[in-house]
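Generate the whole structure from the sequences, applying the supplied hints.
Below are the chains, spelled out letter by letter.
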Amino acid sequence: MSILSVKNLSCVYSKGTPFEHTAVDNISFDVERGDFIGIIGHTGSGKSTLVQMLNGLLKPSSGTIALDGINIWDKPKEIRKIRFKVGLVFQYPEYQLFEETVEKDIAFGPTNMGLSEKEIHERVLSAAKFVDLNSEFLEKSPFDLSGGEKRRAAIAGVIAMDPDILILDEPCAGLDPLGRDILLSQIYRYHQQRGNTVLLVSHSMEDVASVCDKVMVMNHSHLELYDTTHNVFSEGDRLNSIGLRIPQITSVIDSLIAAGIPLKKGTLTVEQAVEDITEYLKREGRL
Amino acid sequence: MRDITLGQYFPADSVIHRLDPRVKILSLIAYIALIFCTFNFASLAFAAAFVLTVVLLSKVPVRMYLKSLKVIIVIVIITSLLNLFYGTGEPIWQWGFIKVTWAGIHNAVFVCVRIVCLILLSSALTFTTSPTDLTDALERLMKPLTVFHIKVHEIAMMMTIALRFVPTLLEETDKIMSAQKARGADMESGSIIQRIKALVPVLIPLFVSAFRRAYELAIAMECRCYQGGEGRTRMKQLHLSKSDYLSMIVTLLVIAGVVLFNVLFPHLI
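Taken in sequence, the protein lines are chains A and B. Numbering (this note's numbering) for the first sequence: 1 to 287. Numbering (this note's numbering) for the second sequence: 288 to 556.
Since the hints were made in silico from the structure, they are not lab data. Do not rely on the hints blindly, as some may be mistaken.
[Stated by the list, open to error] Dumping the calculated DMTMM-like pairs for lysine to aspartate or glutamate here, alpha-carbon to alpha-carbon at most 25 Å:
(1) 59/A with 132/A
(2) 140/A with 99/A
(3) 77/A with 475/B
(4) 462/B with 32/A
(5) 59/A with 475/B
(6) 118/A with 473/B
(7) 462/B with 164/A
This is the structure:
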């Protein structure tokens, strides 16, 4: 059974006023347990609205969201339980830190779950480990950390709730290239080790291509494409037509293919491309 | 949270909208004084008629005015009731210690009409004047105070900035609340003390970010060599036009009218 099953989901803001605006329009999809899915789309395409509905922060105007086969709005009073199961890391999450120490801040989520002190402590340590914050950091005030460290602390705060599904809204926004790579590899490692489902909202095609198994493309409140990363990025023209681009390396390889060099369509990473080209050159006897 | 409209400016093209904001503010102040100088029903009715005329001229939907009245309707009812039961003179109806007198009824009606008129006319001011125009006008009106070393320009700048950041901070509050709710914060249930405690995770990040924004804004202003009001020219100069003079005359006539009604019909109570 799919861990998350979304049917005919719509969300309309300010319904019945002149400011009425449909942010998400009749979307259906299934997410399998252990998937690592990238969600891409323009600003205002409905990505953030979608992920806020998935953990019950926004109530859908119509349609259903089923988590493990149970509609999350069946018992509106217990919506907090859903939020523990579907952890959402907001954009720029470092602005939500508030406790005296990083440790207490990471513990905020687990404490709200009503866990025992011992369990909370263990969870904080293991969550901090995923984002490489050692015990020295845990004692500090979150306001003394650097921007990147704050962001990691905030992400640890959600990981510590051990959600079945972890959703990250633009986790790399505003980080330098090295910080991006480090954070992405930490998220990737979390996915590999815990085997949990991860949804990654991003603007960067490169980021999505490097870590995600599947990609969801949002366009004007609709779900335009939902397929494996390889298949989605093979549709370069279609992505271009809605104003999104494919990863640079994919388009370079596509151009080479168009120039008559037999390479694999839908190459996603530079490493893969290097391998393919080397192999081709060897085959041709030029290397 | 997102549906809150603050600063309530309602853009439209009406006579009232086009008036100089300084004239509007001064007229409002004059009218507030005036409404408390209405001593009989004739002058009260005259003053109320003026308010209704302004409301109709403003081309702002009456629905919006009713909305602003809704907020204070409880206060109006309570003060009217208090006045009703605490009048002096012969009781015309009595039940236990509660008694109603003619003076009580008179007071209740006056208080009610006065408050409603005040709210309507102040709403007319905020509906028809944008917040920037308002602060601009206040700055000009308070200019004489510089004689007493009061930093009028700085006060006006603070007001403008405060108004500018209201929507920003509202949006931010919304975001932080969502983020903490996503971590299981419970803000909708529990006792009052629990609910106040639940606000701490929202308020601390909010204050931190407000200070951060203030700091960034100060630097950005200094980078553009801002150093206060001295020698500063303005892009939008306020000019009094024909209709402004006309409206000042109307205001004066209304004042004269109220005084006249007070004098002419003293027996109307």
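Tested hints:
Note on residue 59/A and residue 132/A: the hinted pairing is violated, with a Cα-Cα distance of about 35 Å set against a maximum of 25 Å. Restraint check for residue 140/A and residue 99/A: satisfied, since their Cα atoms lie roughly 10 Å apart, inside the 25 Å limit. Taken as a hint, the residue 77/A and residue 475/B pair is honoured in the structure, with Cα atoms around 10 Å apart against an allowance of 25 Å. Proposed proximity of residue 462/B and residue 32/A is contradicted: the alpha carbons are some 29 Å apart, above 25 Å.
Taken as a hint, the residue 59/A and residue 475/B pair is honoured in the structure, with Cα atoms around 15 Å apart against an allowance of 25 Å. With a CA separation close to 22 Å, the supplied pair residue 118/A and residue 473/B stays within the 25 Å bound. Between residue 462/B and residue 164/A the alpha-carbon distance is near 23 Å, which keeps this suggested pair within the 25 Å criterion.
In this structure, the earlier hints numbered 1 and 4 are contradicted, and the remaining ones agree with it.
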